[in-house]
Amino acid sequence: DAGVIQSPRHEVTEMGQEVTLRCKPISGHNSLFWYRQTMMRGLELLIYFNNNVPIDDSGMPEDRFSAKMPNASFSTLKIQPSEPRDSAVYFCASSHGAALEQFFGPGTRLTVL
Amino acid sequence: GQQVMQIPQYQHVQEGEDFTTYCNSSTTLSNIQWYKQRPGGHPVFLIQLVKSGEVKKQKRLTFQFGEAKKNSSLHITATQTTDVGTYFCAGRGTDKLIFGTGTRLQVFP
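One line per chain: the protein sequences are A and B, in this order. The numbering of the first sequence is the working numbering, which starts it at 7 and goes up by one. The numbering of the second sequence is the working numbering, which starts it at 81 and goes up by one.
Rather than coming from a laboratory, the hints here were simulated on the basis of the structure. Do not rely on the hints blindly, as some may be mistaken.
[Said to hold, decoys possible] Below, computed lysine-lysine pairings styled on DSSO-like, alpha-carbon distance capped at 30 angstroms: (1) B:K139 to B:K176; (2) B:K176 to B:K136; (3) B:K176 to B:K131; (4) A:K74 to B:K176; (5) A:K30 to B:K176; (6) B:K139 to B:K150; (7) B:K131 to B:K150; (8) A:K30 to A:K74; (9) B:K116 to A:K84; (10) A:K84 to B:K139; (11) B:K116 to A:K30; (12) B:K116 to A:K74.
Note that this is a predicted model, so its numbers are computed, not measured.
Using the sequences and the hints, build the whole thing.
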């Protein structure tokens, strides 16, 4: 298995631009998670899906952030408009169940200038 | 809401010394998991503990789950430079995992 796939691996953009991060979970996993990691705030859960349905989005910072999971093999995290404080590494993870072992993707390093 | 704290935040040790990180939850946990993140990498699952008082070993790593299921520890015996990284605990409360704040371990040769 290829593991969790994320794209792009690096993204540099200017403030105000729209950013879309993509994730392909491991085949057969029914839970998908989006995390943000910074030095200041550590690893934060933004949102997670069970069977493609958003279950808990309480970690989404504000309305500028949105996430979708149109099918079991694809999810997106969109930031519009982006701000410098959104600069972080964004991880996608998947698992067989919401409380089971999570497999993380390599992450997307986002820099907003 | 549920919080999971880890101490220490940072630990520098000489190669060969032991290392311990502690994880404390504000609420009782159903289970606890431990992850390791190498510098520049992503978190990788190490182990899961479920039972009160459970102890598990993986070579030089010993994991414990507290009797009250509100705390846990990871102990590394005789650290090696390959142990460098950040260690996270993740506790399950009601329906989701909450990751701890992490302990960054640096090992000097």
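Against the structure, the hints come out as follows:
Under the criterion of a C-alpha separation no larger than 30 angstroms, the hint pairing B:K139 with B:K176 is consistent with the structure, at around 29 angstroms. In summary, the hint linking B:K176 to B:K136 is supported, as the alpha carbons are separated by about 23 angstroms, within the 30 angstroms threshold. A C-alpha spacing of about 18 angstroms is found between B:K176 and B:K131, which places the hinted pair at or below 30 angstroms, so the restraint holds. Taking the CA atoms of A:K74 and B:K176, the gap is near 19 angstroms; set against the 30 angstroms cutoff, the hint holds.
In summary, the hint linking A:K30 to B:K176 is supported, as the alpha carbons are separated by about 21 angstroms, within the 30 angstroms threshold. Using a Cα cut-off of 30 angstroms, the hinted pair B:K139 and B:K150 holds, with the two alpha carbons roughly 25 angstroms apart. For the hint pairing B:K131 with B:K150, the CA-to-CA distance comes to about 11 angstroms; that is within 30 angstroms, so the pair holds. Our distance criterion of 30 angstroms between C-alpha atoms is met by A:K30 and A:K74, whose separation comes to about 12 angstroms.
A hinted pair counts as satisfied when its Cα atoms are at most 30 angstroms apart, and B:K116 with A:K84 qualifies at roughly 27 angstroms. Distance check on the hinted pair: A:K84 and B:K139 sit about 42 angstroms apart at the alpha-carbon level, beyond 30 angstroms; violated. A hinted pair counts as satisfied when its Cα atoms are at most 30 angstroms apart, and B:K116 with A:K30 qualifies at roughly 22 angstroms. Among the hinted pairs, B:K116 with A:K74 is consistent with the structure: their alpha-carbon atoms are about 28 angstroms apart, no more than 30 angstroms.
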